[in-house]
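**Q** Note that the protein sequences, when read in sequence, are chains A and B.
Following this note's numbering from start to finish, the first sequence increments by one per residue and tops out at 414.
Following this note's numbering from start to finish, the second sequence increments by one per residue and tops out at 1414.
Some hints here could point you the wrong way.
[To be verified] Cβ pair distances, simulated, as ranges:
id	chain 1	residue 1	chain 2	residue 2	range
1	A	Arg348	B	Met1115	25 to 31 Å
2	A	Arg348	B	Val1222	42 to 48 Å
3	B	Gly1069	A	Met377	25 to 31 Å
4	A	Glu198	B	Met1115	30 to 36 Å
[To be verified] Computed footprint of chain B on chain A; a stretch qualifies when at least three of its residues, placed anywhere within it, have a C-beta under 8 Å from a C-beta of chain B:
id	region
5	83-90
6	95-109
None of these hints come from the bench; they were simulated from the model.
Heads up, the beta-carbon is just placed ideally off N, CA and C, and yes, glycines get one too.
There are 2 protein chains.
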Amino acid sequence: MEFFKVVSPAEAMEAVQGFAPLPAEEAPAFEAAGRILAEDVLSPVDLPDFPRATMDGYAILAADSFGAGDSIPAYLDMVGEVRMGEAPAFRVSRGQAARVSTGGMIPEGADAVVMEEYTSRPDEGTLEVRRPVSAGENVLATGDDLRKGELILPAGRRLRSQDIGAFAGVGVTVLKVRRRPRVAILPTGDELVDPRVEPRPGQVRDINRFSLAAAVMEAGGVPEAGDILPDDLPAIQARLREAAERADVVLISGGSSMGVRDHTVEAIDSLGEPGVLVHGISIKPGKPTIIGRVRRGGVDKAVVGIPGHPVSAFMIFHAFVRPILRQLSGEVPTLADAARRVRARLSRNLSSAAGREDLVRVYLEEKEGALLAHPLMGNSAMISTLTRADGFITIPLEREGLPAGSEVRVTLYG
Amino acid sequence: MEFFKVVSPAEAMEAVQGFAPLPAEEAPAFEAAGRILAEDVLSPVDLPDFPRATMDGYAILAADSFGAGDSIPAYLDMVGEVRMGEAPAFRVSRGQAARVSTGGMIPEGADAVVMEEYTSRPDEGTLEVRRPVSAGENVLATGDDLRKGELILPAGRRLRSQDIGAFAGVGVTVLKVRRRPRVAILPTGDELVDPRVEPRPGQVRDINRFSLAAAVMEAGGVPEAGDILPDDLPAIQARLREAAERADVVLISGGSSMGVRDHTVEAIDSLGEPGVLVHGISIKPGKPTIIGRVRRGGVDKAVVGIPGHPVSAFMIFHAFVRPILRQLSGEVPTLADAARRVRARLSRNLSSAAGREDLVRVYLEEKEGALLAHPLMGNSAMISTLTRADGFITIPLEREGLPAGSEVRVTLYG
Chain A
1 MEFFKVVSPA EAMEAVQGFA PLPAEEAPAF EAAGRILAED VLSPVDLPDF
51 PRATMDGYAI LAADSFGAGD SIPAYLDMVG EVRMGEAPAF RVSRGQAARV
101 STGGMIPEGA DAVVMEEYTS RPDEGTLEVR RPVSAGENVL ATGDDLRKGE
151 LILPAGRRLR SQDIGAFAGV GVTVLKVRRR PRVAILPTGD ELVDPRVEPR
201 PGQVRDINRF SLAAAVMEAG GVPEAGDILP DDLPAIQARL REAAERADVV
251 LISGGSSMGV RDHTVEAIDS LGEPGVLVHG ISIKPGKPTI IGRVRRGGVD
301 KAVVGIPGHP VSAFMIFHAF VRPILRQLSG EVPTLADAAR RVRARLSRNL
351 SSAAGREDLV RVYLEEKEGA LLAHPLMGNS AMISTLTRAD GFITIPLERE
401 GLPAGSEVRV TLYG
Chain B
1001 MEFFKVVSPA EAMEAVQGFA PLPAEEAPAF EAAGRILAED VLSPVDLPDF
1051 PRATMDGYAI LAADSFGAGD SIPAYLDMVG EVRMGEAPAF RVSRGQAARV
1101 STGGMIPEGA DAVVMEEYTS RPDEGTLEVR RPVSAGENVL ATGDDLRKGE
1151 LILPAGRRLR SQDIGAFAGV GVTVLKVRRR PRVAILPTGD ELVDPRVEPR
1201 PGQVRDINRF SLAAAVMEAG GVPEAGDILP DDLPAIQARL REAAERADVV
1251 LISGGSSMGV RDHTVEAIDS LGEPGVLVHG ISIKPGKPTI IGRVRRGGVD
1301 KAVVGIPGHP VSAFMIFHAF VRPILRQLSG EVPTLADAAR RVRARLSRNL
1351 SSAAGREDLV RVYLEEKEGA LLAHPLMGNS AMISTLTRAD GFITIPLERE
1401 GLPAGSEVRV TLYG
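Just chain A, with the same shape it has in the complex (with noise of 0.2 Å):
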């Protein structure tokens, strides 16, 4: 038997570093939500690129309306109507005004809008002004939303729906972003069978191509999961050797047999160097998990040995592959991803071998305006737990487990 030299998490993270991020290639601004920018973008324009009226109502100068009130009103001579989509081809001058829209350009000559609501127009050719403004007050002025050269948004950066506003409305309709990461899942072991045939006696029906495929595209990745393939050393090596050329990450699933795990070992080490870096870690689930690379092209892939037991399966592809996906596509995180993951109490006490980190899948339970996190104790080989679980806690090596009533951070799912 293969020597099984387990390494602690933190060891294991180390050898899921130093991905480079992926090629940039363009996009369509108006389709990248939720796509990573490769550059910094700037704004090729000045927004607004003339003053615009924030509010509905009437273009002054400020200084006509300076001390108007209620009882002593500014009289202005009306010189126009500014046409919305158009320049006026009129100026504003002392003692004048023009109506203007939400929107509207702001006539030369004028510096400030006074709203609509305080004033009136005693006769068609005449503004009652009953309040003051200040000038550029109800004024977008040049360049205030966004000026010419300013950066929008960073590389890095996930872009959400209100980006892709900002870059319509700077004229900005190609993007550099990273290309999404290619993962291939190769699910292993001879007792699986399609989910859509009827197993015989002793075989079951793969579920991690399945999960794994729909987590790879939740992260932003493109899965490419092949056939079942056989317990069987050249076979799980052939199909290594080609999705290792073609993908950027390779997914080996265990079929969860000792056979499998040890050609999964084989296989990585037979394609070259680096290989495999390390097998087994001090985690639960997922203690046999193989991590190695292949080097193809000048480029390292990562090749991961997922646990056959779909909850392992699920929570090292959490664990250890999406860090290398972040790393591929070049993700930034923001302090608003740090925050989704949500303080709770633990509903009761939790126990864990000293030396192992477990990963423990809970559900959410509002109590008293608190939230609770009840651990759902299932084996890892039952995915009910997963569909019951809204996230997970992490109960750290060096901890003997959690009393009830800790504050724990929870991982939502999904």
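Following the hints, put chain B in place on chain A, whose structure we already have.
**A** Just chain B, lined up with the frame of chain A:
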């Protein structure tokens, strides 16, 4: 000028209630992540449908190991090895053992698995057992994960990656999910040009069509964004009539000029009962919002007149359009969704007019282990304040502001 009766946000919320979930449609289970279940999914089979080993080791009768220890091991006769994916052709009787890998079928007669590390093989035909196991230990019994007929997930649940795995495990390959809401977006305004076009003086690039379309997709809907409409009643009316036939929700993104607002009201009312229900909400930003309904084929289609300012448009989408989309998709929110609203401390005093709800964009900062929410003060015409924001907080109607240090709940964007 149209009579403009501002209602409270709570009254406006009533106008967006009561939309029935959209019809169900069939979808392949493996492509259904993010979709909403239209019916409860029960397991059609026991999972597993035979007893399986959860560890590598030996299948035995637990009674044969009672009292076994390092000093007095139990000795059993080997009767065979369970092959993965096959039903063993032998049974295990008292005094016997069979080798089994994780996931292998427990042979008839055996009721426990003793882990490999507590055993040795003095010779080919003999197993030495140095630890007692109890009945059922290291065995996943038939139906332990899911019993036939057991609820996997209830109607209304948004599907996550692990759910897709569970469906695979029990052979559920087709699901009933809700049709995605179709949202027509009608950008209006004489000042708007397509972002690909160089604006002339007085013109601006359309933002809302793109930020709203991306936000609709993020919410699981299907946007249908049309060309920019002029500020012209017959044009708006014709497009609205057509959109109300096809779409479930119509957003008329106002060019923010007074004329467009009046035309929106008139166009909605011209399509019959119920017509405009809300015209103006005591909320900032977004006061000039219009909410109406148009009945088509016995079903109410929501029509929302969205203010032209890009920040107002985006916030009104979150506040009033997303609730409509949630009803249409039949989604039952989970506690995990609610928990994503994160707690933070307000970094500075915020004032607000009493009788008006304020939606204040904030960015987060971590300071001494706690989250600070910094208000972003720009004008609601400034899209850059949204690209800088992590989320928003709400100052309720009845408050005249919030002091620095207040605990607030931040609804994170995207």
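**Q** Hints broken by the structure, by number, lowest first?
**A** Those not satisfied: there are none.
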